[in-house]
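S.K.: Next come the chains, spelled out residue by residue.
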Amino acid sequence: EVQVVASGGGLVQPGRSLRLSCTASGFIFGDYGLSWFRQAPGKGLEWIGFIRSEAYGATTEYAASVRGRFIMSRDDSKSIAYLQINSLKNEDTATYYCSRVVGISVVAGDHWGQGTLVAVSS
Amino acid sequence: QPVLTQPPSASGTPGQTVTISCSGSSSNIGSNTVNWYQQLPGTAPKLLIFSNNQRPSGVPDRFSGSKSGTSASLAISGLRPEDEADYYCAAWDDRLNGVFGGGTKLTV
Numbered sequence: 001e002v003q004v005v006a007s008g009g010g011l012v013q014p015g016r017s018l019r020l021s022c023t024a025s026g027f028i029f030g031d032y033g034l035s036w037f038r039q040a041p042g043k044g045l046e047w048i049g050f051i052r053s054e055a056y057g058a059t060t061e062y063a064a065s066v067r068g069r070f071i072m073s074r075d076d077s078k079s080i081a082y083l084q085i086n087s088l089k090n091e092d093t094a095t096y097y098c099s100r101v102v103g104i105s106v107v108a109g110d111h112w113g114q115g116t117l118v119a120v121s122s
Numbered sequence: 001q002p003v004l005t006q007p008p009s010a011s012g013t014p015g016q017t018v019t020i021s022c023s024g025s026s027s028n029i030g031s032n033t034v035n036w037y038q039q040l041p042g043t044a045p046k047l048l049i050f051s052n053n054q055r056p057s058g059v060p061d062r063f064s065g066s067k068s069g070t071s072a073s074l075a076i077s078g079l080r081p082e083d084e085a086d087y088y089c090a091a092w093d094d095r096l097n098g099v100f101g102g103g104t105k106l107t108v
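Top line first, the protein sequences correspond to chains A and B. The working numbering puts the first residue of the first sequence at 1, with every later residue one more than the last. The working numbering puts the first residue of the second sequence at 1, with every later residue one more than the last.
Hints may be right or wrong, so weigh each one.
What the hints assert, rightly or not - Dumping the calculated DSS-like pairs for lysine-lysine here, alpha-carbon to alpha-carbon at most 30 angstroms:
1) A/K78 with B/K105
2) A/K89 with B/K105
3) A/K89 with A/K43
4) A/K78 with B/K46
5) A/K89 with B/K46
6) A/K43 with B/K46
7) B/K105 with B/K46
Stated by the list, open to error - Quick partial rundown of chain A residues pointing at chain B, CB under 8 angstroms, derived from the structure:
8) G15
9) G103
10) V106
11) W112
No lab work stands behind these hints, which were simulated from the structure alone. Yeah, the Cβ is synthetic: ideal placement off N, Cα and C, and Gly gets one too.
Using the sequences provided together with the hints, build the complete structure.
M.R.: In structure tokens:
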């Protein structure tokens with residue numbers, strides 16, 4: 001069974017950093033690109049970024065709203081991807097999801113998991 | 001403001017067919033594929049349609065997607081009470097990267 005689970009969220013003060021993890025199982029992790037998404041409380045979905053497989057250099061794409069503060073990486077030996085969030089802002093408060101990507105669109109994530117809540121507040 | 005435009009709400013009765021629209025522009029839907037998600041209350045989104053009209057394994061064929069020009073549609077036939085959820089369209093935008101619609105709340 002394919003599973004992709006985001007973890008590492010919590011209550012964080014503005015300006016601090018946080019690293020989220022995305023742990024996968026049930027498929028060959030290294031064969032897939034991964035996207036991160038988020039959803040603010042009561043709001044719609046937002047794409048944050050995409051990290052390609054190692055076969056494509058594990059290169060990344062970021063949404064303009066997070067570029068420069070968010071950093072994605074992956075460790076295929078552990079089937080884990082990471083999202084480093086720096087200089088946290090109140091507007092980063094959201095549930096964060098990761099998903100493997102299918103098809104040709106980086107916003108086509110076929111397994112999201114339950115997400116991890118990041119709350120930014122002083 | 002979401003880049004893709006969806007109606008905020010839609011409704012139907014059991015057994016009916018409901019269609020949800022998603023309008024974009026030449027830089028997103030007009031030149032890239034469209035994907036659709038279903039989000040039941042309190043749960044993570046579920047991919048219903050990718051690459052305009054492809055269903056992931058396990059998604060019933062009551063759900064279908066189409067695209068024409070800079071617009072796309074999700075059709076749900078044989079509507080069931082359990083289809084009551086929020087539905088989102090998503091696409092790649094050549095200028096802005098990944099973009100979503102604001103979501104459509106379907107009431108059955």
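S.K.: All hints are to be evaluated individually against the structure, with a verdict given for each.
M.R.: Against the structure, the hints come out as follows:
A C-alpha spacing of about 38 angstroms is found between A/K78 and B/K105, which places the hinted pair above 30 angstroms, so the restraint is violated. Between A/K89 and B/K105, the direct Cα distance comes to roughly 29 angstroms. Compliance with the 30 angstroms bound is thereby established for this hinted pair. As the CA atoms of A/K89 and A/K43 are separated by approximately 17 angstroms, the hinted pair is consistent with the 30 angstroms bound. Restraint check for A/K78 and B/K46: satisfied, since their Cα atoms lie roughly 25 angstroms apart, inside the 30 angstroms limit.
Using a Cα cut-off of 30 angstroms, the hinted pair A/K89 and B/K46 holds, with the two alpha carbons roughly 28 angstroms apart. Annotation: proposed proximity of A/K43 to B/K46 holds, straight-line Cα distance about 16 angstroms (limit 30 angstroms). For the hint linking B/K105 to B/K46, the alpha-carbon distance of about 15 angstroms falls within 30 angstroms, and the restraint holds. The beta carbon of A/G15 is not positioned within 8 angstroms of any beta carbon in chain B (closest approach about 26 angstroms), and the interface hint is therefore violated.
Of the supplied interface hints, the one on A/G103 holds, with its beta-carbon coming within about 4 angstroms of a beta-carbon of chain B, less than 8 angstroms. Taken as an interface hint, A/V106 checks out: its beta carbon lies about 6 angstroms from the nearest beta carbon of chain B, inside 8 angstroms. Here the hint on A/W112 is kept, as its CB sits about 4 angstroms from the closest CB of chain B, short of 8 angstroms.
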